[in-house]
Amino acid sequence: MATPIQMPSLSPTMKEGKIVKWLKKEGDKISSGDAIAEVETDKSNLEVEAYDDGYLIQIAVPEGEVATVGAPIGYLGAKGEKVTGGAPVAAAPAAPKAEAPAAKPPEQAPAPAASGAGEGLAILMPSLSPTMKEGKIVKWLKKEGDKVSSGDAIAEVETDKSNLEVEAYDDGTLARITVKEGDMATVGAPIAFLTPKGAKAGTSAPAAAPSAPKPSAAAAPSAPAGGQVVPLRREAAPASGGRLRASPLAKRIAQERGLDISQVRGSGPLGRVVKRDVEQALGQGVAKAPVQAPAAKKVGAPQPEVRAFGARPEPQAVPMSSMRKVIGQRMSEVKPGVPHFYLTVEVEMEAAAKIREEAKALDLKVSVNDIIVKAAAIALRRSPKMNVSLQGDQVLHYGTVDVGIAVAIEDGLITPIIRDADLKGLQAISAESRDMAERARKRALKPAEYTGGSLTVSNLGMYGIDQFIAVINPPQSAILAVGAVAEKAVARDGQVVVRKMMTVTLSGDHRVIDGATGAEYLRELKGLLEHPSRLLF
Amino acid sequence: MRDSSSEPTMPELMYREALNQALAEEMERDANVFLIGEEVGRYNGAFKVSQGLLDKFGSARIIDAPISELGFTGLSVGAAAVGLRPVVEMMTWNFAILAMDQIVNNAAKLRHMSGGQLRCPIVFRGPGGAGGRLSSQHSQSLEANYAHFPGLKVIAPATPADAKGMLKSAIRDENPVIMFEGERLYALKGEVPEGEHIVPLGKADVKREGTDVTLITWSRMYYFCMEAAEALAKEGISVEVLDLRTLRPLDEEAILASVRKTNRAVICEEGWALAGIGASVVDLIQSQAFDDLDAPVVRVTGLDVNMSYAANLENATQPDAPKIIAAVKKVLYREGA
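Here the protein sequences line up with chains A and L, keeping their order.
For the first sequence, my numbering begins at 1 and goes up steadily by one.
For the second sequence, my numbering begins at 1 and goes up steadily by one.
Hints listed in this document are in silico derivations from the structure and should not be mistaken for laboratory results.
Honestly, I wouldn't trust all of these hints.
Straight-line C-alpha distance at most 27 Å; calculated BS3-like pairs for lysine-lysine [unchecked claim]:
id: 1; chain 1: A; residue 1: Lys-424; chain 2: A; residue 2: Lys-446
id: 2; chain 1: A; residue 1: Lys-424; chain 2: L; residue 2: Lys-109
id: 3; chain 1: A; residue 1: Lys-251; chain 2: L; residue 2: Lys-329
Can you build the whole structure from these sequences, using the hints too?
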């Protein structure tokens, strides 16, 4: 059976890739891991590897041609096998503008009849604020089987503005809860069913009432249709971007005892599930009753911690709050894409310039930009609210400070990342910047070198630009536009004096950062650059 | 520091006295055994390990060598090849570096290079590790260097009883054995069985039973580990202390058994971290007992610097009980680690 080799996504922004060179020819034997083609992406040239063993039975995209991500560029199969049938061949040569055969969103579950089915009376998610589109059940105040009177508060709901109680409008028995604590439901969707007084609790109440315009909670565990993974019950998903942290021993015990380890709250570092957690969970019978997952522990920005040398903590994913979501939506309505806001500040660069002179006297290459990168990083470390990025419905809070530097190259722009810039000295930042800029120009950067981070420093000072506004490099949440250092007449203690001045403009992603947060950050940055000795504290 | 691992009814001897006893007993037992080294004869040994042996066995068997490590080591390798059983005393292992070629290229490989026709029953022994304000050229823990070479056995007993029993085993072994004696252990007292007391090579010893974490160690660090284990016991943490005793070959079975019991391990060694013995122990654990681990293995090692002369800096560069306690808490994910 011929297996297609698909154009992989080799960068976060890659939509298509050009086959620069085939490293194997038709008929060649291929082992998993073999580099089979060189591909030019929007960022750099990279090798495509095979993930299976077999023979390259057909090259579908010749050298020099472009294929969209996901399109077959060749076929693997048994020796002598031919790619037969129209399907693979037709799918093969991806026209540059062709839609990638990527996943289609799953069909939306049909909206339930508002009145519910059978004997049940539906209790609907009410609209509790003018902007509310969906609400999260924080807590059920009644349980299935409880008698309910009209006016009873039956559930606590988190809206985009506040937490409010939902009341029952009828008397009866709470027959079935369809939206669990922690789950979302769109306004108007049933969250529970009530058996009216006198009637028998019906078993025909809707089995899976959709809680949101996505597959229902009850349907969620099934395999994702069409390849799109929509983790509905986000709160129950493992923390840190889906990666489950558990010790090998904990995993083994959980497996042996048939325990779903993703349901266990971890007490180790970064929520790692360890033996004692599994044993505790087994004692409480967690396997049968899913409980609030480790994500619950993650709410709130991560505390800075002392790291072991070489250790790089994963960013912590915190689900977006309802308020944050609405801010995000409204900002996006006003300015499609990333809704920017801008803050500008003037910075006196006398002291920073002196550092550069001192470095020069020591024969060290340190640029003004290196000092800015370092200050931007230290300021980020001190403003954890700035060190975030928006990924879907979650805000990633980074435990490391990774700063991008915008590098103009012949046919575009790329932002290599200086990892742990807050921990590195100026010389290290300088050397790394120069090395990365050089390799960026040669298009030799690896994807890991230009992905991640929360902020980029974009400096057009060398072109004599005094001030400009930069566009955020998504999914980062901010960018600093740095102008030239120039002598200006400024007032100091009532006197007009000449000082080396520089203008910095921060563009912030208003979905996750607010003006005050950005302003605090800029104040810190200005303080650091004007009094560089503060970089030491 | 007192050793409390042995039975309570035995006589107490200093570490150096236990070694002296082992030498004397083996020389009495086998006329082929002789001791050679600098100051081992008339001066009774730089650390008095050979006290009284010259008088007892004469200068043909207790041989004072000039300052010529490469020479007297080579002579001894030749002697071993023709049937004698030399014990070569290095004034410290730091000086034995001069004799590295004879140890590594000849002693370790004689059997291999001769297709099994020649044996090399020889013991190289002497003090290693920090000596107490002797600075960087005299304070190195070089076990890892020798443990690297196939053909050598490497031992490092911590207690006087083990020192006696293992030296006797080493002398009777048909292969070259490197014996590290902690320089600061010589005056340490402990109960030592009288007469025939043999501790087999290649066998680690659980010196303290525990359930929460395994502390793996050897030589002088064993005492810091015991100190840490006792302090941790007061906090309700049950520490198992495994004294490796032999570093090549490693007692893999004992290491794995203990880690499978406690699920967590801390390795403490006086030497440097990079390419250290502990690194091999970590490799063994993660490759053979990965599914039994509840936390990453942590190592406590000497700092990656040359040893300082100043006493406070010397102490700061080495593992000690507080550092071990912190490591144990780290591996247990306890607060304050």
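We went through each hint and held it up to the structure:
Between Lys-424 of chain A and Lys-446 of chain A the alpha-carbon distance is near 21 Å, which keeps this suggested pair within the 27 Å criterion. The suggested pairing of Lys-424 of chain A with Lys-109 of chain L is violated, with an alpha-carbon distance near 47 Å, which exceeds 27 Å. With a CA separation close to 22 Å, the supplied pair Lys-251 of chain A and Lys-329 of chain L stays within the 27 Å bound.
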